[in-house]
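Colleague: Here are the chains, one letter per residue:
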Amino acid sequence: MIEFKEVTVVYDKDIVGLDNVSFKIEEGEFVFLVGKTGAGKSSAIKLLTGEIKPTSGDVIVDGIVVNRLKRRKIPYLRRAQGVVFQDFRLLPNKTVYENVAFAMEITGKKKKDIQRKVPKILSLVGLSERANNYPNEISGGEQQRVSIARALVNSPSLIIADEPTGNLDVETSAEVMNLFEEINKMGTTIVMVTHSEKIVNDMQKRVIQLENGVLVRDEENGVYNIGA
Amino acid sequence: MTIASFITVTCCLFLFGVFVIFSMNMNYIGKQLEQQCELQAYMYLETDEPQQRAVYEKVLQLDNVYDATLETERQAFENFKKQLGEDGDLLDGLEDKDFLRSSIKITLHDIRKSNDTKKAVEKISGIEKVENYQDTVGKVLSLTGAVNKGSTVGMIVLMIIAVFIIQNTIKLSVFAREKEIHIMKFVGATDRFIRTPFVIEGIMIGALGFIVSYAVILFSYTPAISTVKDLIKMFDFLPLQSCALQLGVMMALFGTMMGAIGSAVSIKRHLKV
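Same order as they appear, the protein sequences are chains A and B. For the first sequence, the working numbering assigns the number 45 to the initial residue and increments by one for each residue that follows. For the second sequence, the working numbering assigns the number 42 to the initial residue and increments by one for each residue that follows.
Fair warning: there could be bad hints in the mix.
[Unchecked claim] Here are the computed lysine-lysine pairs in the DSS-like style, where the Cα-Cα straight-line distance is at most 25 Å:
| id | chain 1 | residue 1 | chain 2 | residue 2 |
| --- | --- | --- | --- | --- |
| 1 | B | LYS154 | A | LYS138 |
| 2 | A | LYS114 | B | LYS220 |
| 3 | B | LYS313 | A | LYS117 |
| 4 | A | LYS117 | B | LYS220 |
| 5 | A | LYS90 | B | LYS309 |
| 6 | B | LYS220 | A | LYS90 |
| 7 | B | LYS220 | A | LYS138 |
| 8 | B | LYS72 | A | LYS90 |
| 9 | A | LYS97 | B | LYS313 |
| 10 | B | LYS220 | A | LYS153 |
[As the list claims (entries may be wrong)] Here's a subset of chain B near chain A, in silico, CB distances under 10 Å, partners left out:
| id | residue |
| --- | --- |
| 11 | LYS99 |
| 12 | ILE165 |
| 13 | ILE168 |
| 14 | MET225 |
| 15 | ARG233 |
| 16 | PHE234 |
Read the hints as simulated data drawn from the structure, not as lab findings. Computed from a predicted structure; not experimentally measured. All C-beta atoms in this analysis are idealised placements derived from N, C-alpha and C, irrespective of residue type, glycine included.
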């Protein structure tokens, strides 16, 4: 369902983000994207969400060539994706419930549907008790679970997670990763960028490694091991 | 941030309103001057009253003539006497002497054609000569022309400055919500969905600014005009009721448009995510 076809990204001043990268990710897969800082992981994610366009090559998601989408169609692409960031990106002036409901409101969902769906998702991520709290009243792990709930609420087929455990301690990270694994078991494709050796080694999922914009490793049940 | 925008919008609108009302009054004064530049047609001394009437009727039928008044010898004599005031008795005993001519004062639709009208009037028999105060006409025309051009340029400049200021003020409030906009983009919000609340906010700020600045102008106009009138007695100024509506409509449109355009422009950059 995701395909990178000979994708090259060159930024201003001839900085290469990705260099002729090709790979496929099937529906329902769980894939780690690893590599050093500047290896091209962020470029790959930005291509998936339509934030940047490749200099050459095609990025295909669910049969749609993302780089050929008109700008005004991009929001609809993103509704079929859920994005989870390292810094959670919750709205501080909205409660946990409102933060999740917000993602449904902007897609024009009916109030009735929102009232039915949000509590379900909050209970799935174990935050039913926190529905009326504001982000600054809950822990980092809980905030990340809110952002996962927000990513899930529109039932996306793909979840893109950019270092989701980067700001969390080991124990909380494990809880969040369990949540991702459950979501994956329900059939949602997950593409995750991470720097956590422990997580990659524990999960034993497919690993795609980038180095200076080049794909250097793609193995099933891989380990972290990106070298010094 | 909204308070800063509101104050800026109010000040801009107030300036704009003062500008509009100034140029409306200049035009009004221009019209008064134009009407004072009439033609005066003098008849031969030997014409009698029925002949004078006939000439008067012919003048009235000319194309560019807006109005005309006939001043007979007798009336001219009375007016002259009145102008002399206390010295009017100098004229005693001269009542029956034919030394003042009958004349017709003519006001025109369009003073730019005053030369053509002058020629037409001169062709009517019984008319000896026609004065058209060409110099004054020319000066008034160039003055009102300059005022019109000046006020148009001034308003355009003011609009550009205003939109620029508004845009910068609103930019601050957009900046404060940049994170929110960013999140909205990533959850799949359309540009319109994000833009609409900001544009509505801009319109509201414009509308509020309009209400306040318009009220200030309404309350201060009459006292201000009467002060000016004490200094410049020769002209009439527009009474409030005859310019309030037009001014209100222009200010309301200007204010809301400024708000809407300012918001839309400020947010544009933040939508490119």
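Colleague: Mind listing which of the numbered hints don't hold for this structure, in increasing order?
Modeller: Numbers 1, 8, 11, 12, 13 - these are the hints that the structure violates, sorted from lowest upward.
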